[in-house]
Each structure stands twice: as C-alpha cells, then as structure tokens.
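Colleague: Sequence:
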Amino acid sequence: MKFPHEKRDARAVVKPPPEASQRVDGGGPWGPTQFDLPERSGSNSQAILIVALVGVVVLLVIAGLWTLAYFKFT
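If you're matching positions, the sequence shown starts at 1 in the working numbering and goes up one per residue.
In short, the hints are calculated from the structure, not lab data.
If a hint is listed, it holds; no wrong ones were tucked in.
Derived lysine to any residue pairs resembling SDA-like cross-links, with alpha carbons at most 25 Å apart: (1) Lys-72 with Val-58; (2) Lys-72 with Ile-62; (3) Lys-72 with Val-61; (4) Lys-72 with Leu-59; (5) Lys-72 with Val-57.
Generate coordinates for the entire structure from the input sequences, incorporating the hints supplied.
Modeller: Structural data, given as structure tokens:
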C-alpha cells in the first residue's frame, strides 16, 4: 500500500533573540554556557593522556585483583 508523499514548507523552528548579536563574552547566541568551552584551535592531548592513564591504572588494578583471586582460590 503506497501513500502519497506529503510536501511541507521548510521553515525555521526557532530563532535566537534579537539581542544575541550584541553578546560578546560568555556564551553563544542563546546566552552564557554552563562551562567554559575549549578554544577551537586548542589541543586536548592532555585530557586524552589523563583519561588513558586512568584507564590503564584501572585495568591494572582489575588484572591484579583477578590474579590474586585466581591464585588464592585455586
């Protein structure tokens, strides 16, 4: 069973408030952001390194506990 394709006009759903063009610091057109966003040209290699190191430490702890349990209960 085929239904006819319904055409709809494209329209903007919402627009930023008129005073959005005067805002300079602290957020985008919708107001201040919840936190400071990183610079677009900035590098996040430090954050990646920290997350990777924490992940490695967690995996080592899990492996150590598994090894301890393996040798204790066998």
